[in-house]
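With the hints as a guide, dock the two chains, each given alone in a separate frame, to form the complex.
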Amino acid sequence: MKRTTKDTKGSETRAFREVSCLSWFFPLLALSWIVSPALADQNLETARRRNGDAVVAAFTDAQASIQRSSAVIQEGRRRLAYGVVVSPDGWILTKASEVQSAGTLNVIVDAETFADVRVAAVDPIWDVALLKVTAENLTPVAFASGEPPQGAWVVANGATSRAKRRVLPGIVSANAREIPASGGAALGVVLKEGGKSLAIAEVSEKSGAHEAGLQPGDVIVAVEGKKVSKPAELRDQLKDRKAGSAVKLKIRRDGKELAVEVRLMARGEMADEQSRNDQMSGDFSPRRTGFPRVIQHDILGARDSVGGPLVDLDGKCVGMNIARADRAQSFAIPAKEVQEITARLMKSKNE
Amino acid sequence: MGGLVSPDSPMIRRFPLILAALLPWAVWAEAPRPYFQDQKAPETRRDLEAIQKALVAALPKARGATVGIEMEDGSGSGVIVSPEGLVLTAAHVAGGVNREMTVILEDGKRLKAESLGLVASTDCAMIRILEKGRYPHAELDRSEETRLGDWVFSLGHSGGFDKERGAVVRLGRLVRIAESTYQSDGTLIGGDSGGPLFDLNGRVIGIHSRVGEVLAQNMHVPVREFLAHWNEMERGDFVGEGPFAKKPEKGKGFLGLATEARPEGGLKVTKVGRESPAEKAGLVEGDVLLKLNGKDLKQRDDLQDQLKEMAAGDRVVLELLRRGKAETLTLRLGEKS
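Residue numbers (the numbering used here), protein chains in the order written: chain A, 3 to 353; chain B, 17 to 353.
Source of the hints: derived by calculation from the structure; they are not laboratory data.
Wrong hints could be hidden among the right ones.
With a cut-off of at most 25 angstroms between alpha-carbon atoms, the simulated DSS-like pairs for lysine-lysine come out as follows [claimed, not checked]:
hint	chain 1	residue 1	chain 2	residue 2
1	A	Lys198	A	Lys228
2	A	Lys318	B	Lys69
3	A	Lys241	B	Lys179
4	A	Lys338	A	Lys351
5	B	Lys179	A	Lys244
6	A	Lys232	A	Lys258
7	B	Lys341	B	Lys284
8	A	Lys232	A	Lys252
9	B	Lys341	B	Lys307
Chain B extracted, bound-state conformation (with noise of 0.2 angstroms):
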């Protein structure tokens, strides 16, 4: 684990800077506070329009960042945030790390993911599509100018994602500022956890994270936890412990095969569970294992000392000779149950 997506990765390299991606930024960047969000309340027929303008125009943009995220058991909803295809999402959406799951664009296409870190404490997380391509994204807000008051807007696959319908927006005001918490009277539900918070420039300033019993309380984590741990969560960190991530125990990672050591070295396959991760990584009987991660496989406890370490979760290189050939298989450890 960790190391995924080191700065200096090949992984980043290969996709160079791309100077028109940039120039939008700019110019979000210095988009200026708007005056309505400096008054106490709208007074006039004028200022709802402006109010009304402003989100108009901040919505295709937002509309096309946010995703939907499924896994195997639920589905919640993200935002992307690099062209390259990183997306903020919660931690209770992610789950844990290296985990697989599937992120939805605006026009229904499906894309392959992965969770990269999270932290566990104030329920950030982040994920990255694994399919190469440049991606409608959003600008963070780092201006740190967002104040008790401010209009704000949701978006989020309430339910579901539901391509008919779209994300689901609303507008609010942001009734609560503590220190790892905005709290917005625009209403969240099941599904929406993990999209994104808007301010009326079109940047993100949270991410949805709970609800509280009265429909005034929409909890959503500010942006700046996330950019406090970026570096964590990029590379793969689990950061910090708490309500919203459970971590992986170590010991708890498994195969679902049997070996025997050969005496020329090496593992030899003798069994492959029924629907485990090595039978649908594709491992047979017969194959004979050489290294794991890069260490050599000698004898039986050489295996088994290196999975004691490790959790359900984590990636496996397996090194192995299959008739004679040389093949390399990558997969994700499960769960002892």
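Chain A extracted, bound-state conformation (with noise of 0.2 angstroms):
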């Protein structure tokens, strides 16, 4: 609904969208939407805003580690995300999703540019990738002990030239906790009502089912080897998993069983629809829940600056960035976690 309201002085004419809600997931009541602001009233100059120069200019130690450690991670020039740099030896980490389906990489870190990356390992259950570079003298993240207190400044790349890193800083902002995937996790297909078989309806365009290459008429006869021929048995076998995680699957097709394995995805990542509150967030994160333990904050960064380090005011990091889920709502895994992916990754590369 759209109103157009004057208000008691006349001055100004205000449009208003009310929003009594809702996105499919949560009914909420929405704030709603003012488009054009009041001038000719006091306003503080864009320098001393939270993210201005001159606030920005105090946090001395943590620009200066994000400068060293925040590595810039793009397709040929434009930034995909930023990265987290573990290693003085090219090891450095990233939000997988974000850089997947990219083409030829290259990564920025410092003043220097790399051109041969190589994506060594991913952890698909928290969307962090380990990327490889060719380099000898970088200067990995220094991680914080314990994990910053609610109210504490935390402070995330948040621009970059081509030689220089630009901070935005914020708060701890709620609890930590786990981020369960929206929906659950599902392999993306609608199956036909009724039927006396597991037959695909539908596939969905975003999910893993699609790029598994599933197609509307195969019938999914078992999962990870137990048989399933009813809808509850499937949902069953995929209740305790995770998003991001792959299940084997047996189907048949044309009178023939295939095997296949379906990265499960969030139900609610796949639809396209989006919520009034998506709609008034800007650029969000796709992959922006199934995650066993993030740190929030309020850091107003955007979609592509998610992926690098979250530092203190001493630059210690505290988190890596992994989604920016709505306009007031920014995830980080912490310290400690950030440093059990790494060991395992770097453990599984090898392999």
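This is the structure in structure tokens:
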């Protein structure tokens, strides 16, 4: 509903879109939307705002740390994400889903550009990729020992030029916790109704099922070696699995049985419709749920500013930015888990 | 409607003032303005730490006072400002006066509440927790010392109440001050509506109202707008006209029953509409209505004449006879479709 109203002074006309709601997932009362702000009031100059130059200048240690240890991951000259430098010899973590489908990558660390970039390993549950560049003298992040309390300053890479990283400050803004996959982990198929077998009627375009080449008409006959013939049995096989994990299916197509591996995704992230809150959020991370544990902060990053380190006032790494969930909420993997993931990926890349 | 909580109503007298509760108020009221509020920008590590220290110190109490608000058709946020459970929120969250809703405390406890008055032009509203208790609450800033550029923080249940996550805190500066609006650069989103904006002494200085397309456009109603209409809102008045709440229309009140007059007086209920307010309140066929809000019901017109003057959400007290026994039922009118 759109309405135009005049305030009592008649000096300004505002258009409000009244909203009573609603994402399909959480019903909530959204904020109204004011299109044109009033002028002729007291305004704070840009430099003094939270993200302004005068404020940002005070975060010297954090800035130095981000400059050295936040990598810029690019495809050509387009920035895809940032990365966390974890070793002097060129190992870098980044957000997997932002770089996996890209073509040739290049990486900037400090002022140096590296052209030979290889994706060495991926943790699909955490959505973290381990990249390798040929380097010798990079400065890895120094991890903080404890977790920052709510209200503590945290700093992330906000923008970048070829030679310089710019930082954005914010605070830890909610309890650390698991972010369950929105709508649960799913294959991304719609089954034919009333059939005697698990025949696929539709395959969602953004799904793991689509990636794996499943087609309408295929019949799912087994999950991880267990026979399934009813929707409830299929649900049962999938219910405790995590978004990002792969599941082995046996399917029947044209009378032949095929083995396929399908990556599960959050059901809510395969849908096309946007909630009201999404519409007011700008560009958010397509993969923003299904993380075993995150720190939440309020830094106003963009979709392409995740993947890099989250640091404290000392410049110590307290986490790795993993999703911009919406206008007001961003998630980072806590330092302890980042170190565990790094160790695991370093081990698996050798195998 | 009206007079639900007039200053001398028994509702207030039942809660004696407790001195212990006044003590922290005195301390908070005199908390000096932190030095960093008068800096153009933090310059050193020490300045940043001072901001962080003030925020961390103010958070526990501010969190305890921040509530989720749920109604039939959505959810928002609010802040408790008295130990008896008076809650400030946005008019577009309360949606009207005399409405039923649920207030959710930080620990997930759900409490029945009802909306009192509102100011439709500026997005102020007051609601009241109906269950007796002593509630965690925040102090209002009455000092008028809030200035452009002040560091402030927002709390609210972004996207709806989530106990595990808790209310989400965002830090920012006051980037614009207009007559009935504060703007901060700590981002808000749906579900935050009605939640509190605090100064770094932990005093409520505003209530979240709306956002613009730009991330730095997050609008709050200053607390002075609430103070200016405090008594009217406490009384349950619908103040002003404007975009944030629609005035209930007279004559749209809906009860949902059919009656016939009895020769000896009173109206006999001949039919109760399914799912109607009358049915929900427990009225059944055969009940004899004697009085509505204290006025005698002798013929059918007596009932219609009174309903004509009432709106959806209005409270109705019915005195009736059920199988010869006197009973009293209270209900709220629904809306005629």
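Hints, verified against the model:
With a CA separation close to 17 angstroms, the supplied pair lysine 198 of chain A and lysine 228 of chain A stays within the 25 angstroms bound. Restraint check: the Cα-Cα separation between lysine 318 of chain A and lysine 69 of chain B comes to about 19 angstroms, which is no more than 25 angstroms; the hinted pair holds. For a cut-off of 25 angstroms, the pair hint linking lysine 241 of chain A to lysine 179 of chain B stands: about 23 angstroms separates their Cα positions. Distance hint between lysine 338 of chain A and lysine 351 of chain A is fulfilled; the C-alpha atoms sit about 20 angstroms from each other, no more than 25 angstroms.
For the suggested pair lysine 179 of chain B and lysine 244 of chain A, the alpha carbons sit about 22 angstroms apart, so the restraint of at most 25 angstroms is met. Simply put, lysine 232 of chain A and lysine 258 of chain A have alpha-carbon atoms about 20 angstroms apart, close enough for the 25 angstroms limit, and the pair holds. Simply put, lysine 341 of chain B and lysine 284 of chain B have alpha-carbon atoms about 14 angstroms apart, close enough for the 25 angstroms limit, and the pair holds. The straight-line distance between the Cα atoms of lysine 232 of chain A and lysine 252 of chain A is roughly 14 angstroms, inside the 25 angstroms bound, and the hint therefore holds.
With a CA separation close to 14 angstroms, the supplied pair lysine 341 of chain B and lysine 307 of chain B stays within the 25 angstroms bound.
In terms of the numbered hints stated before, the structure departs from none.
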